[in-house]
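In the order they appear, the protein sequences are chains L and X.
Going by my numbering, the first sequence opens with residue 1, and the numbers climb by one from there.
Going by my numbering, the second sequence opens with residue 1001, and the numbers climb by one from there.
It is worth saying that the hints were derived from the structure and are not from the lab.
C-beta: ideal position from N, C-alpha, C; glycine also.
Please note that a few of the clues may not be correct.
To be verified - Here are the simulated distance ranges between beta carbons: (1) L:8 <-> X:1116: 32 to 40 Å; (2) X:1084 <-> L:7: 31 to 39 Å; (3) X:1139 <-> L:74: 40 to 48 Å; (4) X:1085 <-> L:77: 36 to 44 Å.
Residue strings, one per chain:
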Amino acid sequence: MQVKDILQSKHLTLLNQQGNLNNTVKGIFACDLLSHVMGFAYEDNIFITVLNNINVLGVASLIDLGCVVFSHNIEVNKEIITKANELKMPLLSTKLTTAEITIELSKMGV
Amino acid sequence: MDTYSKKYNIERNDINNAGTVASLTKRALKKRGLSREFVKQVTIGVYEAEINVVIHSYGGTVIVNISDDQVDITFTDVGPGIPCIEKALTKGYSTASSYAIENGFGAGMGLPNIKAVSDEMNLESSEKGTILYMKFDITEKCYAS
Ligand SMILES: Nc1ncnc2c1ncn2[C@@H]1O[C@H](COP(=O)(O)OP(=O)(O)O)[C@@H](O)[C@H]1O
Ligand SMILES: [Mg+2]
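Chain L extracted, bound-state conformation (with noise of 0.2 Å):
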């Protein structure tokens, strides 16, 4: 799958113009802490987050993961954005909780 096709649900919305929504996504990480998602999560993971913060940003790029989600409707800050588009990552919101967005995601087979 790839970023394009998970962006058909009704719950997530893209953030950022620059993304490059053919990253394929597979798996999901869910967490807040940067070092457990830099030793645990695999390339091509969606990073499903509510750290509100630009290295989260550095994280997702190092290892290559597929796309960064930030949930439970969090506002996110145009430093975030800017940073996004120049590393071509794609960014998602959701309204939904971390637990219910990724049964969704699960749900549509990723």
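Model the placement of chain X with the ligands on the given structure of chain L, informed by the hints.
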């Protein structure tokens, strides 16, 4: 291939630029045709060590050397040092500030992650500073097929 050797400064509390050395090293390794898996291991090690210098130390430098048979990286900072290395290496142990925690750091998994991904790791510390050495062996299976 040519030996690659770079030195960078790392500023205290410069969280927005933390990850720069990891990113540049990742690019250099990819160029040499090393596999995604190998590159990821080194990237994790460099990132965690870089963050540690940013959030726990007064600042420092790093030297990255890449040759045909190994990658070796040495981080040197100017203090305050690690009072108990054994504790610091324990999974989950962290003295991170609230500033670091707000930024997603402080899981106490950095040094354990570095140990797990590297082939050799050495940590020395006094009040004058900390020296962290890590080495990754390059063998035939480290190249992308
Ligand atoms: N360069 C350093 N200078 C001083 N203390 C350090 C340094 N690196 C690590 N430490 C100490 O070791 C602890 C564990 O480090 P680490 O496993 O990376 O976890 P974390 O960075 O999440 O706290 C830190 O909380 C800190 O007390
Ligand atoms: Mg750390």
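Results for each hint:
no. : hint                        : in the structure
1   : L:8 <-> X:1116: 32 to 40 Å  : holds (37 Å)
2   : X:1084 <-> L:7: 31 to 39 Å  : violated (49 Å)
3   : X:1139 <-> L:74: 40 to 48 Å : holds (44 Å)
4   : X:1085 <-> L:77: 36 to 44 Å : holds (37 Å)
Hint compliance for this structure: hint 2 alone is broken.
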